[in-house]
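> The lines below spell out each chain.
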Amino acid sequence: MSAATVAGAGARLRDAADSWRRVRAIARRHAYVLRRSPHRLFDVTIWPLVDVLLFGSLGVFVAHHGGTKSIAFAYLLSGIVLWHVVYQSQIALSTGLLEETWSRNLLNLMVTPMSELEYVLGVVLFGMVKLAMGVGVVVLTALAFYAFNASSMGWEVLPVAAVLLTVGWVIALFVIGIVLRFGSGAEALAWGILFIVLPLSGVFYPVQALPGVLRPIALALPTTHAFVAGRALLVHRGLEWGQLGIAAACTLVLLVASVVFVVAMLSLFRRRGYITRYS
Amino acid sequence: MKQFRGHRAVAGVDLEVRAGERVALLGPNGAGKTTTLFMLLGVVTPDAGTVDLVGQRLPKGRNRALAKVGFAAGYLPLAERLRVREFLRMYADLYGVRDPDAAIGRALERFGIPHLAPVLGTELSSGQRTLVGIVKATLHRPQLLVLDEPTASLDPEVALRVRLGLMELSQADGTALLVTSHDMAEVQRLCERVVFLSHGVVVADGPPAEVSARFGRTGLEDVFLHLAERQREPEGRPS
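Residue numbers (numbering that gives the first Met the number 0), protein chains in the order written: chain R, 0 to 278; chain E, 0 to 238.
Bound conformation, chain R alone (with noise of 0.2 angstroms):
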């Protein structure tokens, strides 16, 4: 091996270094603004379990009086624990850059060697502390009150999980691009736009139970196939690899299509000076 081969790849290794400790500065960033603003928990505690809660109570009352308390009871709080992924993975990566633009901090990052990359891995790193208090709180939350056991599902759901968390933060780069467009006022897509997707993804029903026309909107969406595989499991018909299949591949063609999105939407905002927005 010769010395600018040995040099090369230890220049290498020094930028992989340097790269993983701005990974690991912006995780951390992220975690004392959470240990210092106790409202913040919100997301992660008191939403969470809202949300078991009123779909957990809303399942035994379907389940009294219709008498499907097996599938309805389980639509719903297996919906509530595997939304919360979408939801966690989301919140986290969208609130991420809007704290920066929120503290102003945005063009103190810019002018740094940060590259674009490394700063979505930070917050993506933080985001998976989150997600595991998220959806720890559902899932505790669901066997406590309801005595429904997550794990029932079985291993066979962590693929299911794996395509959800990759949505989440598809929606998250989308909303990060519009913000970076539009500004901060177009920050209320980071909560709404999950309120647009909740109903169309079929989370807590078939996607039948949908009007007509908007059927063919949620046969579109990677959540529904994932949602279908997710209730699979429940009823214990084993993991639906084709759906889990289209989810996956939608999942794949939306996150190219993100990608693509926030860098444009980031070239427009140095062309434009959008950065006088947070300066």
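In case anyone wonders, no lab produced these hints; they're calculated from the structure.
Ideal Cβ positions, reconstructed from N, Cα and C, are used throughout, including at glycine.
Hints are not guaranteed to be accurate.
Unchecked claim - Non-contacting residues of chain E with respect to chain R, defined by C-beta distances greater than 10 angstroms in every case (computed):
| id | residue |
| --- | --- |
| 1 | 27 |
| 2 | 159 |
| 3 | 162 |
| 4 | 171 |
| 5 | 212 |
Unchecked claim - Simulated restraints on C-beta separations:
| id | chain 1 | residue 1 | chain 2 | residue 2 | range |
| --- | --- | --- | --- | --- | --- |
| 6 | R | 3 | E | 173 | 27 to 35 angstroms |
| 7 | R | 252 | E | 63 | 31 to 39 angstroms |
| 8 | R | 270 | E | 63 | 20 to 28 angstroms |
| 9 | E | 100 | R | 35 | 18 to 26 angstroms |
Please arrange chain E on chain R, whose structure you already have, making use of the hints.
Positioned in the frame of chain R, the structure of chain E alone reads:
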């Protein structure tokens, strides 16, 4: 060159800052100073022209270049909910500083604010925030330090401390300074070269005394006022 919605913010700025040089970019509001700095830092993309920053052509070499550049602005707050030490540690990591704790200690000492290390960003005065911002920008001993209105909110004693710290940095590390300011007295003390912008073009470039003489004025303040008056006139009208 840069236009925003048909308005020409920077028409043509040809500017070279040499290693260790202390340069002030001056001009009335709307002259194009901040836009020029933002283009230099890769935050705003020029419509035409090129930017070479510490040997890297932007935008391709932006991240490599920015590792050797520091930036602070008097108008920027600190990231909320971070203590000064945490804020500086974050930027030390972002800039790849090898021994962050030592670098933070040194930089805080240089500007006389080691006592602020444990304080929350929200508890600082605006002058203290500015100082911490400058410390942040110098942690990685940059080749070029870009400062936008660094002394705008500082009292004379703190402004003096900043000036001495910057001069020490420039002399010890050979750091070049590019500073915008409306405080002409401060500029005259800190910088060896001034570049005046008006209507987005360079109208004067040289040592402060020489520039003043070229406009037939007694000091930079007079030159500034003269250009500010000209800035209010419709673009293109001969002065």
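> Confirm or reject each hint.
Hint by hint, here is what the structure shows:
1. 27: It holds; residue 27 of chain E is separated from chain R by about 18 angstroms at its closest Cβ, greater than 10 angstroms.
2. 159: holds (25 angstroms)
3. 162: holds (22 angstroms)
4. 171: Given a closest Cβ separation of 23 angstroms, the condition holds.
5. 212: Consistent with the label, residue 212 of chain E stays out of reach of chain R, its closest Cβ about 35 angstroms off (over 10 angstroms).
6. R:3 <-> E:173: 27 to 35 angstroms: Between residue 3 of chain R and residue 173 of chain E, where Cβ atoms are some 29 angstroms apart, the hint holds.
7. R:252 <-> E:63: 31 to 39 angstroms: holds (33 angstroms)
8. R:270 <-> E:63: 20 to 28 angstroms: holds (22 angstroms)
9. E:100 <-> R:35: 18 to 26 angstroms: Given range 18 to 26 angstroms: holds, Cβ gap about 21 angstroms.
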